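So the sequences go chain by chain: G and E. Converting from the first sequence to the working numbering requires adding 5 to each position, the first position being numbered 1. Converting from the second sequence to the working numbering requires adding 613 to each position, the first position being numbered 1.
Simulated from the structure, these hints should not be mistaken for lab results. Hints should not be assumed to be uniformly reliable.
On the chain E side, residues computed to face chain G include the following (Cβ under 7 Å) [said to hold, decoys possible]:
id : residue
1  : Ala663
2  : Glu701
3  : Arg713
Restraint ranges, calculated between C-beta atoms of paired labels, are given here [stated by the list, open to error]:
id : chain 1 : residue 1 : chain 2 : residue 2 : range
4  : G       : Pro122    : E       : Thr772    : 50 to 58 Å
5  : E       : Arg735    : G       : Arg208    : 53 to 61 Å
6  : G       : Met173    : E       : Arg735    : 42 to 50 Å
7  : E       : Ser721    : G       : Ala35     : 31 to 39 Å
Example chain E residues on the side facing chain G (calculated, C-beta under 10 Å, incomplete) [as the list claims (entries may be wrong)]:
id : residue
8  : Trp623
9  : Leu692
10 : Gly693
11 : His694
12 : Ile696
13 : Leu710
14 : Leu714
15 : Val736
16 : Gly739
17 : Val741
18 : Arg742
Just so we're clear, the structure is a prediction, and the values are computed from it rather than from any experiment. Glycine included, C-beta positions come from ideal geometry on N, C-alpha and C.
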Amino acid sequence: MSFLSRTLAVASKDLRSEIRSKESINASVAFALVILLLFSFAFDPTSDQVREIAGGLLWLVFAFAGTLILNRSFARELVNDCLDALLASPVSGAQLFLGKTIANFVILMVVELLSMPVFTIFYNVHWTQSIWLLFVVMLLGTWGLTVIGTLFSAMTVNLRLRELMLPMLVYPMMIPALMGAIQLSTVLVAGDPVGADNQIWFRLLVAFDVIFTLLSLAFVETVLVG
Amino acid sequence: MSAVAIQGVWKYFGDYPALKDISFDVEAGSCLALLGRNGAGKTTLLRILAGLSRSSKGEITILGKDARAEDTRRAVSVLGHGIGVYEELSAFENLRLFGRLYGLENPSQIAVEWLERTGLGRVRDGLVREFSRGMRQRLAVARAFLHNPSLLILDEPFTALDDRAIKMLQDLLRAALADGRTVIMSTHQLREALELATDVALINRGKLAFRGPRTQEMLEDPTWLYRHYGEA
Numbered sequence: 006m007s008f009l010s011r012t013l014a015v016a017s018k019d020l021r022s023e024i025r026s027k028e029s030i031n032a033s034v035a036f037a038l039v040i041l042l043l044f045s046f047a048f049d050p051t052s053d054q055v056r057e058i059a060g061g062l063l064w065l066v067f068a069f070a071g072t073l074i075l076n077r078s079f080a081r082e083l084v085n086d087c088l089d090a091l092l093a094s095p096v097s098g099a100q101l102f103l104g105k106t107i108a109n110f111v112i113l114m115v116v117e118l119l120s121m122p123v124f125t126i127f128y129n130v131h132w133t134q135s136i137w138l139l140f141v142v143m144l145l146g147t148w149g150l151t152v153i154g155t156l157f158s159a160m161t162v163n164l165r166l167r168e169l170m171l172p173m174l175v176y177p178m179m180i181p182a183l184m185g186a187i188q189l190s191t192v193l194v195a196g197d198p199v200g201a202d203n204q205i206w207f208r209l210l211v212a213f214d215v216i217f218t219l220l221s222l223a224f225v226e227t228v229l230v231g
Numbered sequence: 614m615s616a617v618a619i620q621g622v623w624k625y626f627g628d629y630p631a632l633k634d635i636s637f638d639v640e641a642g643s644c645l646a647l648l649g650r651n652g653a654g655k656t657t658l659l660r661i662l663a664g665l666s667r668s669s670k671g672e673i674t675i676l677g678k679d680a681r682a683e684d685t686r687r688a689v690s691v692l693g694h695g696i697g698v699y700e701e702l703s704a705f706e707n708l709r710l711f712g713r714l715y716g717l718e719n720p721s722q723i724a725v726e727w728l729e730r731t732g733l734g735r736v737r738d739g740l741v742r743e744f745s746r747g748m749r750q751r752l753a754v755a756r757a758f759l760h761n762p763s764l765l766i767l768d769e770p771f772t773a774l775d776d777r778a779i780k781m782l783q784d785l786l787r788a789a790l791a792d793g794r795t796v797i798m799s800t801h802q803l804r805e806a807l808e809l810a811t812d813v814a815l816i817n818r819g820k821l822a823f824r825g826p827r828t829q830e831m832l833e834d835p836t837w838l839y840r841h842y843g844e845a
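Next comes chain G alone, as it looks inside the complex (with noise of 0.2 Å):
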């Protein structure tokens, strides 16, 4: 069986999982939303203020949504001890591991395209001018959020104090993706043209998710097995 078809088995079982349970999806999304919600009432929508802050905002309600559905992508292993099959089984760490992400990264994506729409009518903010461009930067952020916050699932699975552990742990590694998917979502947002000075961010976002997807790859197996 090649690689990639223990991969996207293990990702189905966990995207089949969760349509059925729902566990993390109503709360990352109800969390979003309430967020989303409060912080409306925060800032004057009409204000040139909001444009500015619109990236960082969008982006920081995606990575406290996503920490809930990462804190459950290993935790749902513990149930009947799924997590020793697995690894009992001949799939390796690698390919637990990318079929997590792969999963992880699907959901949270459903949420930030749930978020989008409440987010320009909370905000009044007009984004479809830039629509691809700023999935792009959505698809590019959210796998360096998931990919990051999956390796560090797994790290503190046996952990008592996991749901305290991960964000910590995991906020601190994000920065530069969330950085550079905060720069490019204030211009797209703003409605302004991503110059030749945002390309960097682009860059940036590439370099990380390649090179953190693979450290993981590489390191995943031994933060399973020892």
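Assemble the complex: chain G is given as a structure, and chain E must be docked to it using the hints.
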């Protein structure tokens, strides 16, 4: 030929040695009952054999290879304290998933066959979260046997099984042994274990206290081993 070779294995949790210089072989086609009191180190040793944990010192060879090698894991089955099946998937989806992960040629067909063999054919599309404890255990047994393993590692396999399920597991294990497969199991249910076992190992506080063939006197009096080789 040895299916399992354990040489000088130590396992530390912090400074505490859970296993102390364990060495023994398990012949291919034999059934080893791994016995010991709670906390003796049985589960720790079985987890290392299953590739779920690494030893601090020493060497382990499973079917001539490293315990974490992909070929080894394809040939080994593990049934531990947890049943290792997903609550949000149906019985059929669980077995098909593991069939795919083990690289079986026709996982759907094999999943259906094992559901029938374990008496779960009627509830194949029912979610595991709706199953009784006995049904879950039977599904776990089906998962463990699904890929026709050469080595079965069982940690307390009879715990929480009802009489019918114990009989089913014993029959499957007898058939596996008759087929030349190797079984290593830890259990506190001495009579069930000793009826199947060809060999016995006793661990006391992380040290191997006894390793030898199962004798008639062990079968007649399951506590004989503990009285002669166990802790005072």
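E/Leu692 as an interface hint toward chain G, with CB separation required under 10 Å
holds, 9 Å
Are E/His694 and chain G close enough, Cβ to Cβ, to be under 10 Å, as the hint says?
Given a least distance of 6 Å, the restraint on E/His694 holds.
Chain G contact restraint on E/Glu701 - CB to CB distance below 7 Å:
This interface hint holds because 4 Å falls under the 7 Å limit.
Mind checking the hinted window 31 to 39 Å against the Cβ distance between E/Ser721 and G/Ala35?
holds, 37 Å
Hold the hint about E/Trp623 up to the distance rule: shortest CB distance to chain G must be less than 10 Å.
Result: violated, 14 Å to nearest chain G Cβ.
Evaluation of the interface hint that places E/Arg713 against chain G, nearest CB under 7 Å
holds, 5 Å
Interface hint check: E/Val736, Cβ to nearest Cβ on chain G, cutoff 10 Å. Holds or violated?
violated, 16 Å
That 53 to 61 Å hint for E/Arg735 and G/Arg208 (C-beta), does it hold up?
Since the Cβ atoms of E/Arg735 and G/Arg208 sit about 58 Å apart, the hinted range of 53 to 61 Å holds.
Under the criterion of a CB-CB separation shorter than 10 Å, is E/Leu714 in contact with chain G as hinted?
holds, 5 Å
Within 50 to 58 Å: is that where the Cβ-Cβ distance between G/Pro122 and E/Thr772 falls?
About 52 Å separates the Cβ atoms of G/Pro122 and E/Thr772, which means 50 to 58 Å holds.
Restraint check, 10 Å cut-off on beta carbons, for E/Val741 near chain G:
Holds - the Cβ of E/Val741 comes within 10 Å of chain G, reaching about 8 Å at its closest.
Satisfaction of the E/Leu710 interface hint, Cβ to chain G closer than 10 Å:
At 5 Å from the nearest chain G Cβ, E/Leu710 passes the 10 Å test, so the hint holds.
Checked against the numbered hints above, the structure breaks hints 8, 15, 16 and satisfies the rest.
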